[in-house]
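Engineer: One-letter residues, chain by chain:
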Amino acid sequence: MLEIKNVSKTYSKGKVKAVDNISFTHKNGEILGFLGPNGAGKTTTIKMIVGLLKPDEGSIIINGIDNQENPIEAKKSFGYVPDNPQIYERLKGIEYLKFISDVFQIPKEEREASIKKYSEIFNLSHALNDMVNSYSHGMKQKLALISALIHKPDLFILDEPMVGLDPKSSFKLKEIMRDHCDEGKCVFFSTHVLEVAEKICDRIAIINEGKIIALGTMEELKEKAGKEETLENIFLEVTDNESNNAFIED
Amino acid sequence: MNQIMHLLKINLINSFNINTLFSKEILKKKNIWKPLLFVFIVISIAPSYYLYIGMVESIGKSLLMINQESYLMVLASTAAFMVVFFFGIFYVMGYYYFSQDTNLLISLPIKPNNIVLSKFLTVLLYEYVLLGIFLIPVFVVNSTLVEGGILYIIKSIILFIALPVTPLSIAAIFVTLLMKFTNIKGRKDLYRIVSMFAFLFVFLGLQIIIQRNMMSVEPGKEQEFISQMFMDNKFMLETAGRFYPLSKWFSLTFYSNNWILYLGLFVGTTALIFASSLYVSNKFYFKGLIGTEESTSKKKALNSKEYSAVLKSSPQFISIFLKDFKVLLRTPIYLFNCVSTVIIIPFIFIVMPLMTGTGDMMSPLIGLIEANLETALLIFTGAFMMFSLLNPTASTSFSREGKHFWIDRSLPINYSSHIIGRLISPMVLHLATILAITIGFNYFIKLDLIYLLIPFVVGFLGGIPLSLIGLIVDLKRPLLDWTNPQRAVKQNLNILIGMVANLIFIAALVGLNYLFLKIDLNFTLIIIVDIGLISLSSIVLYKYSIKYIAERLPSIN
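These protein sequences, in sequence, are chains A and B.
In this text, residue positions in the first sequence follow this note's numbering: the first is 1, and each later residue adds one.
In this text, residue positions in the second sequence follow this note's numbering: the first is 1, and each later residue adds one.
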């Protein structure tokens, strides 16, 4: 479970408000899609959740643990895949996964099983013994996905995960996300692909200029829009409209 | 020309972080530590620089006394050639081949020669800064030996500008050919690393042999040598000139009436070598560059046994060390800058005297050591600690992560594992250096095991606080935003700051030991106190570093 409470983040000494007092709760068993135009604050929010950025205000609670007060314990609960995973070019894929397994202190049998399972799903088994610098962008993305999944995290956080993935791997990833939630865990991901979000998300949050401007299930968003609309239309409408409090779930 | 200037400007902005340097941010209260730190470093280095100037002055005076003042400029220019060439090899390698902007540049409609030339000029400008620091005092001292004046200044400026061009061009030719002919599918990094070290060893060996032959006097001919020196005021210049003609011409520009000829010879040869370097670059640069980042992939799945072997679990700190050490050994630029000292230092001190037969020169030293054993052991301990200071592995530990730092920062790694894991790499390199020197040293001077162990153990332990200082310095302001790994390990101010901080630590320890010797403190007690102080500072620094990393990790943007 993830709780974001009144979180704000500014850049350039307070001149640029990247995230402006956002609050929401992400419950177990659901996929929450995080949408927004470029520069809306999606990646900043995700970076604050995973501890790469410090919020100016507010708190982020992961599985009941405040990520500012107890960052190491909080980090044990999630697996994170950034939008452009830069992975050590001079390590072999398998060495990187061993490093991640050691950090999470995953027992030997468990890590072996997890790595085998996910590398077969993403068709990366044949490349694990090669250096990462021989990987394509998509292969690096797959390696980052495997590394984020091997410790079976309660919260799976992905920033633009479909970029660079081939159609088969995208399909597999969507299945994994769904299975993850079915196990009572949660998935939080940002995307620009609205069709994907519409199809697999249990709830959707739309952020614009640092503020959450819409939050709810697809049905709730349609209901608030007052007509039967696609997510694309709702997205365009709310990101154009300044006063869109009606789209925020109480 | 315009294209070259634009490229040069971009290179300089990238390489020297000029935008930050001249930004108004630097004048803000929060950033005031930056200029203050710079002033502090300058002040810390000032005494050494003052000593250097004094040394140049006394060399000049000594040469004047033996009627060989023209040899000063030969010495200075030869040393400058060597330094520029030696560093040039690494810089050219980094800028020409491992800079990440090169891939972007070759995809743009820019003439290949302009790319090479702009990179050459970037490295050249960097060499001017370094050379300026060392050569300006030499030019000033030399002006007191010959007639100074406007002409002297003009000659000095021309020679200073031309001086690094030749060694850098030779370095560029060597690296370009090396990269071209080792661009073989498979283990190209290994071929390149082995060839580079082999070349450096041959180069160093050759220098030692030349130096030895240059000034060696046959037994019985000492009188003749001395009288020649007093009769011919260019005797040493001519002797050295047989091996280093460029240095001879360099000096004769100041010391000959025919100076226009020598200046012409110097500048003309420089231009010729520079043109050759451009020709070689034009012909081979792209052939060596294409595929530099290519890596062979076996595309062979691991079998169960291999899986099992690779995936053996290790504690967090061991895993951090293994990751750090593998990246260090497998990245050529890191290897040359951080690991090469482990090979080069013992090579210079031990293997070279053996190979070149200069080992017998050590015999007076052996007598001196045996007569002052306790003091000598303390000096060795200090020297061993200095080897740790010279290695940039600790003070670039976080900077080397670059864009990969998000990984460690988003993982649940204990702070102690962060520090211990990163401490092991510099300590392993330190251990390897002092072990090789101790073993080699034992070959020349037979000492009891206990006497060998004292500097070895205390020198090794001394590496712990020094490396921790390096880690703290790098954690304070890690240089993560680089496109050329060279920036992380060579043009990183943290190395200099770390060295100054380490030097202060060593100086304090040396001062204390000097006092101990003065008051005739028992030698065993001195060693115990030293170990105690080193342990205490290690604990204090370790505790501080753990507290500091907890504070820094979330706030590094």
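Keep in mind that the hints are not guaranteed to be accurate.
Stretch by stretch, here's where chain B covers chain A in the computed footprint (C-beta under 8 Å, at least three residues) [claimed, not checked]:
1. 24 to 34
2. 45 to 52
3. 55 to 64
4. 113 to 126
5. 202 to 215
Rather than coming from a laboratory, the hints here were simulated on the basis of the structure.
Note that this is a predicted model, so its numbers are computed, not measured.
No residue lacks a Cβ here, since even glycine has one placed at the ideal position from N, Cα and C.
Engineer: Each hint should be assessed against the structure and marked as holding or not.
Structural biologist: Structure-based check of all given hints:
no., hint, in the structure
1, 24 to 34, "violated (count 0)"
2, 45 to 52, "holds (count 3)"
3, 55 to 64, "violated (count 0)"
4, 113 to 126, "holds (count 4)"
5, 202 to 215, "violated (count 0)"
Checked against the numbered hints above, the structure violates hints 1, 3, 5; every other hint is satisfied.
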